[in-house]
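Undergrad: Given next are the chains, with one letter for each unit.
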Amino acid sequence: MGSSSMIVLIIAALAFSSIAILIAKIVTKSTTNPQKGEPYECGIPTHGKTWKQLNVGYYLFALIFLIFDVELVFLYPWAVVAKHVGWMALIEIIIFFFILFMGFLYAHKKGALKWK
Amino acid sequence: MFTPGLYHILFISTALFFIGVFGFLTRKNLITILMSVELILNSVNLNFIAFNKYLWPDKLDGLFFTIFIIAIAAAEAAVAIAIIINLYRSHHSIDVDNAEEMKY
Amino acid sequence: MNLTLLILVPLITAIALLLMRNKQQVKWLALTGATVQLVLAFVLLFTYRNEVASGNAEQFLFQQQYDWFPSWYISFHLGVDGISVAMILLTAFVVIAGVLVSWNIDRMPKEFYFLLILLSFGAYGFFLSLDLFILFFFLEIAVIPKYLLIGIWGSGKKEYAANKLALMLMGGSALVLVGLLGLYFSNPERTFDLVKLSHLDIPVYIQKICFPLLFVGFGVFTALFPFHTWVPDGHSSAPTAGSMFLAGISMKLGGYGCLRVAAYVIPEGAKEYADIIIVLSTIAILYGAFATMMQKDLKYMNAYSSVSHVGFVLFGIGMLTKTAITGAVIQMVSHGLMTALFFAVIGMIYERTHTREVNEMGGLLKVMPFITTVLFIVGLCSLGLPGLSGFVAEVTVFMGAWEHPDFFHRFATILACMSIVVTAVYILRAISRTAMGPIKESYSNLTDARWNEKLAAIILIAGIIAIGVAPFWLNNLISPGAEIIMQKFSVAP
Amino acid sequence: MNEFLTLMKPELQITIIIFLLLFIKLSKGIKNDLLLLIIQNLLLLNFIAGFFFNAPGNLFDGMYQTNTLIAFQKSILNLGIYLISLLFTGWFRKTEHLPEFFILMLSALLGLDFLISSGNFLIFFLSLELATIPIAAMANFDLEKKISSEAAMKMILSSAFSSGILLFGISLIYGATGTINFEALPAQLDGSTLQILSFVFLITAFAFKLSIVPFHLWTADVYEGSPIAATSFLSVISKGAMAFVFISVLYRVFQPMHQVWYNMVMLLSIITMIIGNLFALRQQNIKRFLAFSSIAQVGFILVGITANSPEGISSVVYFILIYTVSNLTAFGVAAAISSQTGKEKIEDYKGLYQTNPLLSWVMALALFSLAGIPPTAGFFGKLFLLTAGASNANYGFILIAALNMIVSLYYYLRVIRSIFMDKNEQPIEKINIHPSTKFAFIICSAGIVLIGMLSWIYDYIQSLNP
Amino acid sequence: MWSFSKIADLVHQSLNHTFSPTLATIIEMVIVGVCVIGLFAVLGLVLVIMERKVSAWIQIRLGPNRVGPKGMFQSLADTVKLLVKEGMTPSGADKFLFNLAPYIALIVAMLLMAPLAFAKDFQMWDLNIGVLYVSAISSVSVISILMAGWSSNNKYSLMGAMRSGAQIVSYELSAGFSVLSVVVLAGSLNLNTIIQSQADGWWIFKGHIPVMISFVIFIIAVTAETNRAPFDLAEAESELTAGFHTEYSGMKFALFFLAEYVNVFIVCAIGATLFLGGWMPFHIGHWDGFNHVMDYIPSSIWFFGKTFFLIFLIMWFRWTFPRLRIDQLLNLEWKYLLPISLFNILLVTAMAILGWYF
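Residue numbers (my numbering), protein chains in the order written: chain A, 21 to 136; chain B, 9 to 112; chain C, 270 to 762; chain D, 424 to 889; chain E, 842 to 1199.
FYI, nobody ran anything at the bench for these hints, they're computed from the structure. One thing to keep in mind: the hints can contain errors.
Pairs of lysine-lysine residues, derived as BS3-like cross-links and limited to a Cα-Cα distance of at most 27 Å, are as follows [to be verified]:
#1 A:Lys-130 / D:Lys-853
#2 C:Lys-635 / C:Lys-540
#3 E:Lys-922 / D:Lys-451
#4 E:Lys-1176 / A:Lys-130
#5 E:Lys-922 / A:Lys-45
#6 D:Lys-846 / A:Lys-134
#7 E:Lys-1176 / A:Lys-129
#8 C:Lys-426 / D:Lys-846
#9 A:Lys-129 / D:Lys-568
#10 D:Lys-846 / C:Lys-379
#11 C:Lys-635 / C:Lys-565
#12 D:Lys-853 / C:Lys-292
#13 C:Lys-379 / C:Lys-465
#14 D:Lys-846 / C:Lys-292
Could you build all of it, start to finish, from the sequences and the hints given here?
TA: What follows is the structure, given as structure tokens:
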């Protein structure tokens, strides 16, 4: 099928979900009620803003993830040829990991990996 | 079936580039500005891939370049976001109009 | 004679001055340095004369050449001809007089003397160098000390004046630089060497571009007419020694540059623009003279009269005859000595009366006879009294100018001559106002000159009178150099 | 392997230092004073080692190129880093995260070294980013200050934008020629419209990094907001390396399009000098002042670049050596004053000479050198730039440059004036200078005086030219 | 023996015979789409009932037993229930994003189907970078979760989404590394090639301990990535009501639910492909006789058998381990799994270069 399968699959997913939602919409009958639109929080009216400032830890993890994930991108091409290249590949990846690991240790030492 | 040629891709990438430039120059929100920069970088990626595929299929420079651009873009975004978070802490805003401690 | 000595002595003096801690030490060291300079200058004069008398017909004697930035073909090339010897003598005189005059300075003496000596270092280097690059180097060295001298020790609108002076002079040197680069790239050998350049045929169109750049650039230093505005402000704001250096040495840098670089290396250009030079310098002479008449302040007076007198230098150069050029050089020396003395005297008077306004003084002859006598002498020299140097110089210039038979040159010469009358008017008026008449109450207990001031005045007066009484030795010294410069004009197609 | 070690020596040295610092950071903490001493000595060693065993050669199929001139350029950068480590001792000792700062700075230096050596647009881009991203982090180092994070934000966004433009240019060049290799490119360049377009993009990016007008707007804010050590790194070392690269890219890669870039660079140079000078005239803050003056200096560097001859390269390298020493001195004095008194205005410098004569002389020397007044080295530097630029016989251009020197002299004299001439009731008190900073001032002053006078330095640079 | 590939070829030929090529292609596409939708629906139903049955079995109870024989149609009944529930949108929500989120979740799950080899020569897209494709597309799923949490205008949703985002991205690293170890050994990113490389034994056996470590890490990581217990912090009922889909109801909720189960299936299928040989029968080296016997079992049976075995494992975890706190969860990843997998990659590489595998 090749790359057109992506299009087919997207269309299929869209079709499936929209048909399902459409059927549900036709079948159900909806009633309006001001209380219904309230956020579902234990029955008490919501207190404060919803989009509050989140723990900065999330951002830290996001940043560290970003670095490691990008590094993973480089590993994919390396992994394919590692066996053919031989020892040089291992040495290079050890250097690569060494640098990466130093950064990782630094982040660890700074407490960036500790959930606060 | 319709197959996209070089010019179609170049059209998209150039459009992306200028949308990015436009966004960079006109937007006020720092995150949006950062996203505009990413748009520029992605347009470059498209360019490289397209040139590599259509014009110079035997030279893989374009592909390599793209991988590195992705990586660098991520690093840049990481640092930029860290700085923006810090800016938010001190200014309580990520609007460029509020970052005006320094003037001529 | 090792010419490097002349550069090294001031440099070493300057550096040694920085290391001194004591005010007394500083003064004496500076004086020693200046004396050594004077001695060296005389040694140079006599060795030069001996050398010439023994039949050495080379254009530049005592040449020394060391490679400096060989990849740009720049060399440290020194040498003297008669003109340079005269200028060096002038410098040595003015330096020692300047050091002596500022003997009692109490604000930061170390720095003051350091800057003075540094200025002289620049001047010596400039007069000695035969390589255009180092010539330019020394030219610029001589600018910034002036700025600091005026700015720190000056009076009146000193910051404005210092800025104006520094910027205009640097502007002039920027023009010089572009002109030099033009010369450098237009000759096939890529050389900055003055001697080599003078033997090369520089294309005429390049000469026509470079001459105005060089001439105007140096002309700024020499108060060429539209660019003279720094002179009154700078001279009047500067401290006494600063004014002496400015008028005595620094303005001569420009004149020497015009002659040596602009006229000598670029004869075709000089011919092309000679008329304009004459027009401008005539304007400067007349304008300076008339402007002096309007002044009430002694320093301003001398400053404007300097514009007028230095105008004769450019006037002489513009005439392009051997006599006129010789006259121009003599005028440079003469005016250097005279104006330095004038400023010294004004400084002495100001130090005592705390005013420079002519109208507020009077009867000073009674309380300070020495100083007033010197003022007489210098005034008479300025208005061109025979027997003093000013007469010799101006007469030589006019004689040179009269060699041109056409109406334009004659007319310009007559106009320039008229300035002497004007000079006589203002000089005599100033002297009578200050020296004669009833003395003011507040001035009655003023003292006469101290030993250092007397010494300074005597040294300078000696120079003035020597030139005035026996002009031929100076003429003989200068004329071979002028001769060679003239040959360029006649030989060139 | 052996070749790898010798050719890549400068980078390896820096990498080793970075890791040493990282180890120090990860192990138990050392007192800042001792650590700083260690760092200074390491950097000194690094600087000295840079002069030995330099050989020309290529690595990785020409991606990494080096020769003796490039090694010398790296030595200039090493010298600058060493001087920075000495000059800002006062600030460093107070910094909480000292090793981090040096790690960042050395990473940036590593990037610059690779940048100078790059023989391929890929390495070029990577090292450029390696050089700029840490600087943004350095700019944000005064975490509690608002302007610091503002500066960092402006830095990172503008540099990201400029690298985007650079990349677009590179991609167009790749499309037009099919290669990103510096060696192979010149044969492919024929000055077609696409190539000129891509070249415009490239030069725009360079203009951003070198803060050439009209792409200079970030410079002053970044300089003012960043900690002064970061500012000096940015304005001296980063700018110097960028100039090296700019000249080598123009001369080596775009040689076939010489006519095209000559006109562009000339125009940029003129407006850079004029605008930089005009803005510098009205600055009150000493850091902003130095920022705008450095913009004007870049304009002068461009004059030398237009020469398109070996003299152009040597005069630019020579000028940057001088510029490094002089500008760092100026920043060092400003830092010494601001770290003790917190004063950064030019007005505050009034009467400095009464209390700190030596410091004032050092500052004066540096400013004179920046203004190009003999006998300081700056005179020779600027003169040779102008001389190199004049070889095209475009005297109008040279005249504009020379007149700009006068304007620049005016504002340098303004600082001199407040130091030496203006009177002040309450001048800055006596500044205590750390011995290592004093040492750096001595080196710098000696450099400012001697680099010009000793002509063999220039001839050495000239002889390195391949 | 019949195989899927033959059926596929037959359909292809007959279609091309009767219709013009373009039309044939379109019809093929429609057929594929319908098949995939069918597979989706079936998977959803089967996995839900399977989960309930497995949990009942582990907890020694009966589980659903009313609808159909032994409660087999229970999930169908659930579907009908969900279909008739009203799908509401909270008043303060960002309507567009709120409605978009379930679609994205489903599209991601669907796209991941493309490179899977369900049986021998039966694959939608024989992609040369299959592994990369899978990891790339699966990263998108976090966007739908964040989108849902953000747009709901509900604190619990937002927090659940953020948590799950942090969790997914963290564990993606270990999952990536363990996948890489197989890529290193096989020397290809193509899923088909990787399966072929296991013709003489699955990697989990051929690769000794390092690959087993990778496999264990992989299972842990994918469990976390699919937000399943013991890593189901994102929808921890006792803390956040239902995490990012608190505000969803009716069919939109069902879509999330479905996507989640299909994701479980997909990651297990990937795991089975990489470590357990996909559709490749159980082979041992050059024991040709044994290998032949194994070949008689159809490849699709092998594939689905392995996949469902892994699914069973993951369900088993859910009812065995207690839920982790978020700090424990992140500690586990960053302090243990990531360093171990980094080191493990080096081991695998050394092993691959030395040839120390069967």
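Undergrad: Please go over all the hints and tell whether each is borne out by the structure.
TA: Tested hints:
no.: 1; hint: A:Lys-130 / D:Lys-853; in the structure: violated (39 Å)
no.: 2; hint: C:Lys-635 / C:Lys-540; in the structure: violated (53 Å)
no.: 3; hint: E:Lys-922 / D:Lys-451; in the structure: violated (63 Å)
no.: 4; hint: E:Lys-1176 / A:Lys-130; in the structure: holds (14 Å)
no.: 5; hint: E:Lys-922 / A:Lys-45; in the structure: holds (13 Å)
no.: 6; hint: D:Lys-846 / A:Lys-134; in the structure: violated (57 Å)
no.: 7; hint: E:Lys-1176 / A:Lys-129; in the structure: holds (12 Å)
no.: 8; hint: C:Lys-426 / D:Lys-846; in the structure: holds (14 Å)
no.: 9; hint: A:Lys-129 / D:Lys-568; in the structure: holds (25 Å)
no.: 10; hint: D:Lys-846 / C:Lys-379; in the structure: holds (19 Å)
no.: 11; hint: C:Lys-635 / C:Lys-565; in the structure: holds (22 Å)
no.: 12; hint: D:Lys-853 / C:Lys-292; in the structure: holds (23 Å)
no.: 13; hint: C:Lys-379 / C:Lys-465; in the structure: violated (41 Å)
no.: 14; hint: D:Lys-846 / C:Lys-292; in the structure: holds (22 Å)
In this structure, the hints that do not hold are numbers 1, 2, 3, 6 and 13, in rising order.
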